[in-house]
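Asker: One-letter residues, chain by chain:
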Amino acid sequence: MSQFLSFALEASFALVVLSVVLAFIRLAKGPSLPDRVVALDMMTVAIVAFCGLAAIRYETAAFLDVALVLALVGFLATVALARFAERNTARTKESTNE
Amino acid sequence: MSEWITALLLLIGGVFAVIGSIGLLRLPDVLIRMHASTKIGTLACGLIIAGSAVFFADAQITIRVIAIILFLLLTAPIAAHMIGRAAVSTGVKLWENKTQGQLDE
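Residue numbers (the numbering used here), protein chains in the order written: chain S, 1 to 98; chain W, 99 to 203.
One or more of the hints may lead you astray.
[What the hints assert, rightly or not] If you want the footprint, here are the derived chain W segments under chain S, 3+ residues with CB under 8 Å:
# : segment
1 : 106–112
2 : 115–126
3 : 130–140
4 : 143–155
5 : 165–177
[What the hints assert, rightly or not] Pairs of lysine-lysine residues, derived as BS3-like cross-links and limited to a Cα-Cα distance of at most 25 Å, are as follows:
# : chain 1 : residue 1 : chain 2 : residue 2
6 : S       : Lys93     : W       : Lys191
7 : W       : Lys137    : S       : Lys93
8 : S       : Lys29     : W       : Lys137
9 : W       : Lys137    : W       : Lys191
Hints in this document: simulated from the structure, not taken from any laboratory.
Just so you know, even glycine gets a beta-carbon here, dropped at the ideal spot from N, CA and C.
The shape of chain S in the complex, shown without the other chains (with noise of 0.2 Å):
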C-alpha cells in the first residue's frame, strides 16, 4: 500500500468519524422527532461507508457484506420509524378530535 493511499486511508476514517458525530449531535438536539430520524439515517449511511474504509483497510471483503445488510437494515428502520411518527401523530390528532 502506497504512502499516499495509507493518508488518504486514515484521512477519511477520521472524516466519516466526524461526519457521525455531527450527525449524533443533530440526534441529540433534534428538535422533533423527523430530526432524529434523518440524523440516523445519515449516521447509517456514513456507517456503511465506514464499513467499505474498513474492508480496504483491513484487506477484507467480508466487510462489504456488513455494509450491505447494514444498509438493509437502515433502510428497515428508516421506514419504520417514519411510518410510527406518521401513525402516532394521526393517532393523537384522532383522539383529540373526540
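Following the hints, complete the assembly by docking chain W onto the known chain S.
Answerer: Chain W in isolation, oriented as in the chain S frame:
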C-alpha cells in the same frame, strides 16, 4: 495508478460526508436538512464503496459493490420521501424565510 484513484475516491467521499453532516447540523428546518443529508450521504457512501471496488479489482467484489450502490440509490429516495411525508403530517415548524416577501413584489 489504481491506488491513486482509490485514494482520490476515498478523500472526496470523506469530504462529502462531512459536508453533508455539517448541512444536517446547520440548516434551518427538517425538510432542508433532509435535502443535505440524503443526497450527499448517498453520494459520499457511493464514492467510498466504489473506492473499495477499485482497490480490490476483483469481479466478485465489484458485483457486490454495484449491488450496494444500486440498493442505496433505490432506497434512499423512498426513505427520504417517507420521512418527508411524516414531517409534513406531524406539522413540524418550518423555516420562515425573511427575504421571500421581497422577491414576490
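Asker: It remains to establish, for every hint, whether it holds in the given structure.
Answerer: Here's how the hints hold up against the structure:
1. 106–112: holds (count 5)
2. 115–126: It holds, with 7 qualifying residues against the three required.
3. 130–140: holds (count 6)
4. 143–155: Answer holds; 7 residues pass the 8 Å Cβ test.
5. 165–177: holds (count 8)
6. S:Lys93 <-> W:Lys191: holds (17 Å)
7. W:Lys137 <-> S:Lys93: Violated, because 32 Å separates the two Cα atoms, which is more than 25 Å.
8. S:Lys29 <-> W:Lys137: Distance ~22 Å between S:Lys29 and W:Lys137 Cα, so the pair holds.
9. W:Lys137 <-> W:Lys191: Between W:Lys137 and W:Lys191 the Cα gap is close to 22 Å, so the pair holds against 25 Å.
Violated hint: 7 only; the structure is consistent with all others.
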